[in-house]
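Protein chains in written order, with this note's numbering: chain A, 1 to 137; chain B, 1 to 137.
Since the hints were derived computationally from the structure, they do not count as laboratory data. Careful, some of the hints might be misleading.
Note that the list lumps identical chains together, so a pair holds whenever it fits in one copy or between two copies.
Claimed, not checked - Straight-line distance between alpha carbons at most 25 Å, and here's what the computed BS3-like set of lysine-lysine pairs gives:
| # | residue 1 | residue 2 |
| --- | --- | --- |
| 1 | K42 | K78 |
| 2 | K63 | K112 |
| 3 | K112 | K42 |
| 4 | K15 | K112 |
| 5 | K112 | K78 |
| 6 | K112 | K29 |
| 7 | K29 | K42 |
One-letter residues, chain by chain:
There are 2 protein chains.
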Amino acid sequence: MTDHLTHSAFVSAVKFDDDGLVPAVAQSKETGEVLMLAWMTKATLEETLATGQVTYWSRSRRKVWRKGETSGNIQRVKHAYIDCDSDTILLQVEQVGGAACHEGYESCFFRKLDGGKDWKTVDERSYDPKAVYGGSK
Amino acid sequence: MTDHLTHSAFVSAVKFDDDGLVPAVAQSKETGEVLMLAWMTKATLEETLATGQVTYWSRSRRKVWRKGETSGNIQRVKHAYIDCDSDTILLQVEQVGGAACHEGYESCFFRKLDGGKDWKTVDERSYDPKAVYGGSK
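Excised from the complex, chain A in its bound form (with noise of 0.2 Å):
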């Protein structure tokens, strides 16, 4: 990840869809867990880049969220990046009271599918890793 973008890049290659938002994950930069998925409009990415304190954009509510503005848990920008298409957002951030979930978890997916310690293997493979990684795979 080599590519660095100023401010004014980042924000100007961030394709919003019909709504005016787009997605932004948010990933503790501490323990690698990704946190939550919300949304900003162009004002509360600013923000969000000007601060250094994650502002997001409350679908529900139809109004700026300032994350943590009420639990105190904000989310401390840490670094932030754009992906391949411009339409989705990824900051690792300092997590302050170490929760991001308005439930108290560390992270909003807490709830896990029960599929096993690892999941089932699919019947057919599109082609075979031995042939291609050797046989340590």
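With the hints as your guide, set chain B onto chain A.
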């Protein structure tokens, strides 16, 4: 993360948007890297869970997108999570070929905002962390 769901409870819980889509974040099980965000219909979610191999819905091509169909860089599901609002899915995957992005990078988030090593610190704290967490923070 202890709340385990059965397959049917998992799929039933998902709130698809007005276009019948849900965003799915793929994270490397091995490296923790956030690889990409793409979209799923109920049918492609069910196919993903049934086969253990990630299938998205391509919004641009308006068709089922079996990830890796062309490149061979398939994603094998290891764990699946749903968020507190039931409107985002997180998949921890084995990224075959080591690269999720069609541009050859491990992650689609290869463009980074040049914000320095760490972000600027916000000027105003919403509260005093020492008062909440004690002297260790």
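Hint check results:
In this assembly of identical chains, the alpha carbons of K42 and K78 lie at most 25 Å apart only when taken from the same copy (19 Å versus 35 Å across copies). For the homomeric pair K63 and K112, neither the shortest alpha-carbon distance inside one copy (30 Å) nor that between copies (27 Å) is at most 25 Å. Proximity of K112 and K42 under a CA criterion of 25 Å is satisfied inter-copy only: 17 Å between copies versus 32 Å inside one chain copy. Proximity of K15 to K112 under the C-alpha cut-off of 25 Å is restricted to the inter-copy arrangement: shortest distance 16 Å between copies versus 31 Å within a copy.
Taking the shortest alpha-carbon separations for K112 and K78, only the inter-copy value of 11 Å comes in at or below 25 Å, while the best intra-copy value is 28 Å. For the homomeric pair K112 and K29, the shortest alpha-carbon distances inside one copy (22 Å) and between copies (14 Å) are both at most 25 Å. Taking the shortest Cα distances, K29 and K42 sit within 25 Å of each other inside one copy (23 Å), while across copies they are farther apart (32 Å).
In summary, the one numbered hint that this structure violates is 2.
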